Amino acid sequence: MYDVVVIGGGVIGCSIARELSRYALRVCVVEKEADVGCGTSKANSAIIHAGYDAAPGSLKAKLNVEGNPLFTELCQDLAVPFKRTGSIVVALDEKEVADLEALYERGRKNRVPGLRLLDQTALRALEPHISDQAVAALYAETAGIICPFTLTIALAENAYANGVEFFFNAEVKKVYALRPGAPRFLVKTDHLCLETRYIVNAAGVHADNISRLAGGDSFYLTPRRGEYCLLDKDQGSLARTVIFQVPTKMGKGVLVAPTIEGNLLIGPNAHNIEDKEDTGTTAAGLAEIIAGAKRALPSFDAQKTITSFAGLRAVPPQRDFLIYADSKVKGLIHAAGIESPGLTAAPAVAKLVREILAADGLKCKPKRNFNPQRPPVIRFSDLSFEEQSKLVRRDPSYGRIICRCETVTEGEIIAAIRRPLGARDLDGVKRRTRAGMGRCQGGFCSPRVMEILARELKLPLTQVTKQGGSSYLLAGPTKAPEETGKKGATNNGSL
Amino acid sequence: MEAYDLVVIGAGPAGLAAAVAAYEAGVKKILLIERDREPGGILEQCIHNGFGLFYFGEDLTGPEYAARFIQRVQERGIAIKLNTMVLEVTPDKWIIAVNKADGLLKIKAKAVVLAMGCRERTRGAIFIPGTRPAGVITAGTAQRFVNMEGYLPGKEVVILGSGDIGLIMARRLTLEGAKVKMVLELLPYSSGLTRNIVQCLQDFGIPLLFNHTVVAIHGRQRITGVTIAEVDPATKKPKPGTERLVSCDTLLLSVGLIPENELSRQAGIALDPVTKGPVVDDGMATSVEGIFAGGNVVHVHDLVDNVTREGEIAGRSAARYILNPKPAPSLKINTKAGAGVTYVVPQLIHPQQMAEELVLSFRVNQVFKDQKLVVALATGQGHKILGTKKRMIMVPGEMQEFKVKKEDLWAALGQEDSSSPLELTVSVPEEGEDHDV
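If you're matching them up, the sequences are chains W and R in order.
Residue 203 in the working numbering sits at position 203 of the first sequence, and the numbers go up by one each step.
Residue 417 in the working numbering sits at position 417 of the second sequence, and the numbers go up by one each step.
What the hints contain is simulated information worked out from the structure, not anything from laboratory work.
Misleading hints may appear alongside valid ones.
[Unchecked claim] Just so you have them, the derived chain R footprint on chain W, three or more residues with Cβ under 8 Å:
1. 293-307
2. 444-451
[Stated by the list, open to error] Pairs of lysine-lysine, DSBU-like flavour, derived with a Cα cap of 30 Å:
3. R/Lys108 x W/Lys390
4. W/Lys304 x R/Lys336
5. R/Lys106 x W/Lys233
6. W/Lys479 x R/Lys181
7. R/Lys100 x W/Lys233
8. W/Lys294 x R/Lys239
9. W/Lys390 x R/Lys239
10. R/Lys276 x W/Lys233
Quantities reported herein were computed from a predicted structural model and do not represent experimental measurements.
Quick reminder that beta carbons are idealized off the backbone N, C-alpha and C, glycines included.
If we strip away everything but chain W, and leave its shape as in the complex, we get:
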């Protein structure tokens, strides 16, 4: 019997799980994919927003402004790289200056600290490569950049270390309310049947479906696709801050930002779609974001794109987060409709969900042995020559470079597999170590990473997947010598 089942292992589900792991509760996370952070959490703008965008008084505004400052300590505790680069919204003509002033005013109402309007000279000094058309900007000093899957994985690892259980490849198929009026459920997946008192619905774009399965409130989340291009590190220094344009009603528009790893990220566009799994990119969409990004930062070289991807935002009907106890089903708590600034709000969302659970009758007794810290991950390429020397002497597997582009060693890949909730597939290794994330996109290292996965997980190479499920990378062994017509040939090379 669980106290809480969290449905969804994205940044919201993992933040909530980690928050609940502070208390003497039995908690688990059920995730339909093979790893945490495989939905919206892995394909977004990777930004910690300052908080001037959301309408004053909205939950979005409140949780954004509450969430932002929490990142300093959170990232220290979880050993997650995070950088407060600041952000700017640029006015590309005189008319847009009024929009900046309105944003400034909204920011002031939302109690966003560190907002300043910059004139053209100050803007140019801050961002030397900004468009000549840019006449002014709104600067927000608290905005920052982070790797969203590193954060999600770190939250999950820390939650796990503090006793939260995780179930992967576990898509929730049925939810039974066992005692109407009392918090008591049976949550069924293909292979699991979990009895719980409370359910937290953090199922991202699928949260509307989970509410329906549980007999809860009816709402519809519109999947809104956003496409991105990630550019080579030689383009990363073109932007120092997160560069936004004046927002439209569809969202904050196309941004240009350095990533925490030093690449340049451009995107997203915003297109409502039907299919909640359709994270495919389109030629028109990619052209749209490149053209859009060029308006603010004309000098980047789109030919230096190393990969493109798309993510889906779960757009709620009233454009505000749906974080509340269900009106019909006792014990069902929604953390739904978490579109931007969901990543920023995540730690504040987690606290709010815990408060709602407590108000709903869940006794939250603090655990004395809660450890907020996650052991840091060794990154060979971040170390000095002396530190690298010492490391390789201690463990020679750190002397074997597997990913040439990002300088990732065998030792780091083994550690990523052996860590709690470790990598189980090629993409899991990639998200944890960056192996395969560089300019050759795994061309050289994927055979080697697959070999290490197979060895560590004791799998045949043909069972190694890209991203769990049936995403097998190989069809089978090549023809045996017999089949090639050499009767009597043996595998050991003797005839």
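Starting from the known structure of chain W, arrange chain R on it as the hints suggest.
Positioned in the frame of chain W, the structure of chain R alone reads:
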């Protein structure tokens, strides 16, 4: 700290040839550094034949070709470190490298030859839209799986790009029992060698569709198919209405190679924006004194024989520099890609130190039939034709060569004042254009 006269980075065909040539030129303290588990580079996975027709006058497989140079390296007792990754090369020729046995290495060299080869362009680089399932793989990676690891990457294959590796893999996968449905080429001509189109596609009945590309990838976990479309040859954009769905479990990409120059960039070496490799002179010297380069790290070749030749030049020049270190002479001629030509290597000629004969390597930018090739020297006084040659066919997929004799170059230079800029242009002028200025 270790010290060597010459450190060669990469033990593929260029690096092996450079090490042997430097040794023969009198430098004995040489170290080859190779990141893979064996020397030979990409040749080790190229188990097909067709290697060495020019260099050895024999038809060898890749591993056989490599073995000859590995043997020469071994016979000379040249040191080689395998499974060793170079992390950094500094302009003053310190090399930082790492492996499991030695740990971190700091090596000082009098000269360095860069021979890191090239890598494949990926899906991201050419913006193929769609989902991101398993089963989208570059041709070289597939080749490694099939020929070195013993695994078949898929059974129903569409190949995008008619580069040589893609063509070779079409045949290889067919022989391994996969169904290769088609090879798509964006351009109206192939970038691969004609012999490969005949031997790898036509002989197996595999269709090659020119002016076609992949416009979407489908499938969530493993690729289930691609949408292909015809492109307008003028704009290279897909023609609306020509899209059709082709089912497959593998999309193989053979869409070009890029010289691998992360280390060159770190060392502050000037790169050519067209070749994406270092700017080199007739001795394969880069812009940083004492650092030389050869093979696919400079520009992507079609034939290993030419890679070997470049490696040898780089090795000999490095040896000359080690035995008598001095900067290149000041008199220089820049080479230039004229009409119809994409690039010329070397980019720089030092007439005072050049060998008796110099090979200009270049690629044309379109298919030319029965066109004349013109090599001309522009000086302060005007414009002198060094040579012309009528060629039956020139295609972008086949590297062209033009041999320049030192005596001819000096004759054209005449009493040239070395202060005026000198430019040697290779071009394919349009018919009727007058070039005898």
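Here is how each hint holds up against the structure:
1. 293-307: n = 4 at 8 Å, threshold three: holds.
2. 444-451: It holds, with 3 qualifying residues against the three required.
3. R/Lys108 x W/Lys390: holds (21 Å)
4. W/Lys304 x R/Lys336: holds (25 Å)
5. R/Lys106 x W/Lys233: Holds: R/Lys106 and W/Lys233 sit about 26 Å apart, inside 30 Å.
6. W/Lys479 x R/Lys181: With Cα atoms ~20 Å apart, W/Lys479 and R/Lys181 stay inside 30 Å; holds.
7. R/Lys100 x W/Lys233: Roughly 28 Å between the alpha carbons, so the hint for R/Lys100 and W/Lys233 holds.
8. W/Lys294 x R/Lys239: Within the cut-off at roughly 26 Å; holds.
9. W/Lys390 x R/Lys239: This hinted pair is violated, its Cα atoms lying about 58 Å apart.
10. R/Lys276 x W/Lys233: The given pair, whose Cα atoms are some 16 Å apart, holds under the 30 Å limit.
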